[in-house]
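Participant: In order, the protein sequence lines correspond to chains A and B.
If you're matching positions, the first sequence starts at 1 in my numbering and goes up one per residue.
If you're matching positions, the second sequence starts at 336 in my numbering and goes up one per residue.
Mixed in with the good hints there might be a few duds.
Not close to chain A: a few residues of chain B, all C-beta gaps over 10 Å, as computed [unchecked claim]: (1) H356; (2) R358; (3) R406; (4) H496; (5) S531; (6) K541; (7) V560; (8) L597; (9) A600; (10) P602; (11) P604; (12) G607; (13) R609; (14) L649.
With a cut-off of at most 20 Å between alpha-carbon atoms, the simulated SDA-like pairs for lysine to any residue come out as follows [what the hints assert, rightly or not]: (15) A:K329 - A:R313; (16) B:K608 - A:K329; (17) B:K541 - A:A281; (18) B:K541 - A:R278.
Derived by calculation from the structure, the hints in this document are not laboratory data.
We put the beta carbon where it would ideally sit given N, CA and C, even for glycine.
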Amino acid sequence: MSAAGSLSDHGGGPVLTVDGLEVTFPTADGPLRAVAGISYSIAPARTLGVVGESGCGKSVTALAILGLVPPPGRIAGGTVWLGDLEVTAMDEAALTAIRGERVSMVFQEPMTALNPVLTVGEQIAEAWALHREGSPAEARQAALEMIARVRIPDPVRCFDDYPHHLSGGMRQRAMIAMALACGPELLIADEPTTALDVTIQAQIIELMMEMQAEFGMAIQFISHNLGVVSEIADDVMVMYAGHIVEIGSSAQIFADPRHPYTRALMETLPRIGARVHRLPAIPGTVPDLGALPAGCPFSDRCPLADATCRAQRPALEDQGGGHFAACFKAGEPAP
Amino acid sequence: MSAGSHAPAGPLLEVEGLVKHFRMGGGLFARHSGRIQAVNGVSFTLAAGETLALVGESGCGKTTAARTIARLYRPDAGSVRFQGRDLAGLRGRALKSARRALQMVFQDPFGSLNPRLPVGAIINEPLKIHGIGTRAERGERLARVMTQVGLNPRDAERYPHQFSGGQRQRIAIARALVLEPELIIADEPLSALDVSIQSQILNLLKDIQEDRGLAFLFITHDLAVVDHFADRVAVMYLGHIVETARREALFETPRHPYTRALIDAVPVPGGGKRRLGTATAGDVPSPAAPPPGCPFHPRCPRASETCRRTMPALEPRAEDPGHRVACHHPLEAPTGAGGAP
């Protein structure tokens, strides 16, 4: 939830606090702001869905949390906290110590994240042994247990399989086993079901929900797919051109979207049973970060935009009940 | 409608018993060797001006079927009658001319456009290949088709990398339209695009179809797009069509348990959190080692001994002959008396 929003009743502070995070990439025309000073937090055992189109900053935000912004990109401002540890103040050694231990990540394509020349079991055992004291036999046992916990049939056989032997769904299960091997308090999942078929996607969503119930980790779930986010998230954050344009509980965002971009995203989706003749399309193209409008980043595509929107950048304003939208016209009906 | 000078008596496209297998290299590290049975006896027809969606998950054979119909692959068996002529047996010049009214649009608008040619030359290349029109006439056609797909004809001298993904897909569509085809085979044309751009392209395809009375064979994994765009739907699983029907019938009264599973797996925005235990179990089997009997039986909650042994035929439903299903234990209509074993 947003920095100003409520924490869960699990006690303690949020698992993740992002405060004024700004990530820039240098270009010939000056620095591009991929993430333009965003703030939010996630409470223990909650799932925050992060939604947006390409270039909105959702993946760069995730990399910044892990201290993995690819150079020459850099964190130009703001702080990231895991509990009371400031990630943005850590050196590489400290970052290595927390990756996998306190925060893990799963990616869209497990093939690029898994090592093709090590068996699945060896990689999970290695992830465990990095942060745990134990003999190789104990590491193997821990890996076998994790493989079983992510419901891969025949864990012993899977332990000795190489990643390319597994189907896409099984690879993603193995990825999740590796990410959860040390029981991190935060799991970042970047489009983890996008490369999967719909029936397999449903299995992986269920698996992540079950794993959250077992392990109690918070999840930051990044997706371009509003339907998938709706199935898994407690809270939803909508990003556009490096900005948070709307954030609130899943119920608030889906039942009462306040930002014209959130509304347009929902209306433009074809839906089973909707039977509309034409889809309400969002005009224009996804934003070019090097050529954003001066005011609201969505103003050049927004049906409600007026002179104020084109001149000033709106801040996130409380819409009630921990629901925030960055729009001068929040909640106004489209013309 | 656009039956054109060919005036075919039958359907525009008639695919019968189409089979395409690929030989798999049995290399040193290969677990499987043998044949990938990508398309295993697929039959359907498509009328002029109609949209048929071929839908299914990866490995179901929908893309191979599309490419074999377009004769990018040679079929191993079966026929593909387009405008009354069987493309399966044609080669060389005869194939080129028979295929003129059949164009393809691919998923990846980055890989399918030559980066070294300006977009005007890319769009007009099919005209040159088929030797159509004078230079001036080709210029006129280019401007017309660019305008129709929402591109500015003044951009004809720019190169593909100067366009966004959505604009590149418009370029690919313009190239498909320039020969004034009767049929466009579109293979996942929206998958590489952002959500807000997908609806623009979907609206464009609908406009084109209404303007020109084109037929579409639309290959997709996205059931919501199918329900929005298709007149009829064929659901594929492991190389077979398991169910085909008019769009409304398929979505409102699916008869095949796999179709039901596919529809139920589509996440609905605002539909609330997923209910645990509702996902269909199991993986899609490899088309190199399909299970015996019905290809869906290892994942099917209704599977019986018969399903494990015998492949069900694609049979018409008595109450709706256009609705055909290949299942020993098809789902009944909600009001009907259940047909489960």
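Participant: State for each hint whether it applies.
Facilitator: The hints, checked one at a time:
1. At the 10 Å boundary, the C-beta of H356 (chain B) stays outside the reach of chain A, the nearest C-beta of that chain being 21 Å off.
2. Against chain A, the non-interface label of R358 (chain B) holds: every CB pair exceeds 10 Å, the least being about 20 Å.
3. Interface exclusion of R406 (chain B) from chain A stands, the closest Cβ pair being 28 Å apart, more than 10 Å.
4. Taking the minimum C-beta to C-beta distance to chain A, about 14 Å, the non-interface status of H496 (chain B) holds against the 10 Å cut.
5. Look at S531 (chain B): its CB is around 4 Å from the nearest CB on chain A, not clear of 10 Å, so calling it non-interface is violated.
6. Chain A draws K541 (chain B) into its interface by the beta-carbon criterion, the shortest separation being 7 Å against a cut-off of 10 Å.
7. Residue placement check: V560 (chain B) does not keep its beta carbon more than 10 Å from all beta carbons of chain A (closest about 5 Å).
8. Remark: the non-interface label on L597 (chain B) conflicts with the geometry, its nearest Cβ contact in chain A lying 6 Å away (cut-off 10 Å).
9. For A600 (chain B), the non-interface assignment is contradicted: its Cβ lies about 4 Å from the closest Cβ of chain A, within the 10 Å cut-off.
10. Not every C-beta of chain A lies more than 10 Å from that of P602 (chain B), the closest at about 3 Å, which undercuts listing it as non-interface.
11. Not every CB of chain A lies more than 10 Å from the CB of P604 (chain B), the least distance being 4 Å, so the non-interface label is violated.
12. Under the 10 Å C-beta cut-off, the non-interface status given to G607 (chain B) relative to chain A is violated; the minimum distance is some 7 Å.
13. The beta carbon of R609 (chain B) is not kept farther than 10 Å from every beta carbon of chain A, the shortest such distance being approximately 4 Å.
14. Annotated as non-interface, L649 (chain B) keeps its C-beta farther than 10 Å from every C-beta of chain A; the closest such distance is 21 Å.
15. For the hint linking K329 (chain A) to R313 (chain A), the alpha-carbon distance of about 12 Å falls within 20 Å, and the restraint holds.
16. Only pairs whose Cα atoms come within 20 Å are accepted, and K608 (chain B) paired with K329 (chain A) is rejected, the gap being roughly 29 Å.
17. Pair hint K541 (chain B) plus A281 (chain A) holds up; C-alpha atoms about 13 Å apart against a cutoff of 20 Å.
18. Restraint check for K541 (chain B) and R278 (chain A): the C-alpha separation of about 8 Å stays at or below 20 Å, so the hint holds.
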